[in-house]
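In my numbering, the protein residues as written are 739 to 953.
Keep in mind that the hints are not guaranteed to be accurate.
Stated by the list, open to error - For lysine to aspartate or glutamate, the following EDC-like pairs were computed, each having C-alpha atoms within a straight-line distance of at most 20 Å:
| id | residue 1 | residue 2 |
| --- | --- | --- |
| 1 | Lys796 | Glu911 |
| 2 | Lys879 | Asp856 |
| 3 | Lys915 | Glu777 |
Claimed, not checked - Using C-beta positions, here's what the derived DEER-type ranges look like:
| id | residue 1 | residue 2 | range |
| --- | --- | --- | --- |
| 4 | Phe811 | Asp904 | 18 to 24 Å |
| 5 | Glu789 | Asp916 | 21 to 27 Å |
| 6 | Ser867 | Thr931 | 40 to 46 Å |
| 7 | Pro932 | Ser867 | 43 to 49 Å |
| 8 | Ala782 | Ser867 | 34 to 40 Å |
| 9 | Asp868 | Asp904 | 21 to 27 Å |
| 10 | Thr936 | Gly869 | 40 to 46 Å |
| 11 | Glu941 | Asp904 | 42 to 48 Å |
| 12 | Gln908 | Thr931 | 31 to 37 Å |
| 13 | Asp868 | Glu830 | 38 to 44 Å |
| 14 | Asp893 | Gly935 | 41 to 47 Å |
| 15 | Glu937 | Asp856 | 39 to 45 Å |
| 16 | Asp760 | Pro934 | 47 to 53 Å |
| 17 | Ala862 | Glu941 | 33 to 39 Å |
Honestly, the hints are just simulated from the structure, not real lab data. Where a beta carbon is used, it is the ideal one built from N, C-alpha and C, also for glycine.
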Amino acid sequence: MRLFVLLLLTLAAPLAHAGARDQLDAFGAGMTGMAADFEQRVHAPDGELLESSSGKLKLRAPRQFRWEVVQPFPQVIVADGTHVWIHDPDLEQVTVRIQSHEEQGSPLSVLVDPTELDRQFEVAEGVQSDGMSWLALTPRKPEESPFESARLGFDANGLVVMEMSDGLGQRTEVRFKDWQRNPAFDATTFAFTPPPGTEVVGEMARAAEVMPLAD
Numbered sequence: 739m740r741l742f743v744l745l746l747l748t749l750a751a752p753l754a755h756a757g758a759r760d761q762l763d764a765f766g767a768g769m770t771g772m773a774a775d776f777e778q779r780v781h782a783p784d785g786e787l788l789e790s791s792s793g794k795l796k797l798r799a800p801r802q803f804r805w806e807v808v809q810p811f812p813q814v815i816v817a818d819g820t821h822v823w824i825h826d827p828d829l830e831q832v833t834v835r836i837q838s839h840e841e842q843g844s845p846l847s848v849l850v851d852p853t854e855l856d857r858q859f860e861v862a863e864g865v866q867s868d869g870m871s872w873l874a875l876t877p878r879k880p881e882e883s884p885f886e887s888a889r890l891g892f893d894a895n896g897l898v899v900m901e902m903s904d905g906l907g908q909r910t911e912v913r914f915k916d917w918q919r920n921p922a923f924d925a926t927t928f929a930f931t932p933p934p935g936t937e938v939v940g941e942m943a944r945a946a947e948v949m950p951l952a953d
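Work out the full structure: start from the sequences and follow the hints.
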């Protein structure tokens, strides 16, 4: 679950006859934020279902997101632009990490900066199947990436499904629905304060430190 937050990508604007790359490129025009519901399933190499969850995704350009698992166990992941906060209420623990470290080598960088697409990934148009156009991503630095390959499936309304496979053959599938483009977010949506009594572990950046994406 925690690994998946590194793999977030985005919804494209409707383009009924465009290829997947065109649909992804069209996303950036006028976009300031988005929200959607998601369902995630993790499969073993033999296809066995290992884990399933569902929740809500909220994202605001350029570098903020909120990934909130509702079922089966609550979990909140918030990126505030400087840090990524992972809160497990059942464990009464918060893990904090410097956000640039979370983004490096991840398709998340495509969302916050479209120029990262070709810099970090080899990109190929896949064949159309299941009523969708597919875009395949292969990390240019596989030793630094949490996955070996990713596929994005688009229909006429945008991103429908994202699939990721790791080096052990485990496959993660995330399906999105009910996309909202440029919604109004509450001021606290992308802010996180650890609840009183919660253990906080991890790494914090200095307040004035700038953390750009590294090559």
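Does the Cβ pair glutamate 789, aspartate 916 satisfy 21 to 27 Å?
With a Cβ separation near 22 Å, glutamate 789 and aspartate 916 satisfy 21 to 27 Å, so the hint holds.
Given a hint of 33 to 39 Å, does the C-beta separation of alanine 862 and glutamate 941 actually sit inside it?
holds, 35 Å
Taking the CB of aspartate 893 and the CB of glycine 935, does the distance hold inside 41 to 47 Å?
Distance hint for aspartate 893, glycine 935 holds at roughly 46 Å.
For the range 34 to 40 Å, tell me whether the beta carbons of alanine 782 and serine 867 fit it or not.
Hint violated: Cβ distance 23 Å, outside 34 to 40 Å.
Assuming the hint says 18 to 24 Å, is it satisfied by the Cβ distance from phenylalanine 811 to aspartate 904 or not?
Since the Cβ atoms of phenylalanine 811 and aspartate 904 sit about 22 Å apart, the hinted range of 18 to 24 Å holds.
Verdict for threonine 936, glycine 869 (Cβ pair) under range 40 to 46 Å:
Between threonine 936 and glycine 869, where Cβ atoms are some 44 Å apart, the hint holds.
A range of 21 to 27 Å was offered for this pair. Does it hold for the Cβ distance of aspartate 868 and aspartate 904?
At 22 Å between Cβs, range holds.
Does lysine 796 pair with glutamate 911 here, judged by a C-alpha cut-off of 20 Å?
holds, 18 Å
Looking only at beta-carbon atoms, does the pair aspartate 760, proline 934 fall within the given range of 47 to 53 Å?
holds, 49 Å
Regarding serine 867 and threonine 931, is the given constraint of 40 to 46 Å on their beta-carbon distance met?
holds, 45 Å
Against the range 31 to 37 Å, how does the distance between the Cβ atoms of glutamine 908 and threonine 931 compare: consistent or not?
holds, 34 Å
When you take the CB atoms of proline 932 and serine 867, is the distance between them in 43 to 49 Å?
Since proline 932 and serine 867 have Cβ atoms about 44 Å apart, the given range 43 to 49 Å holds.
Of the hints listed earlier, those the structure fails to meet are numbers 8 and 11, in rising order.
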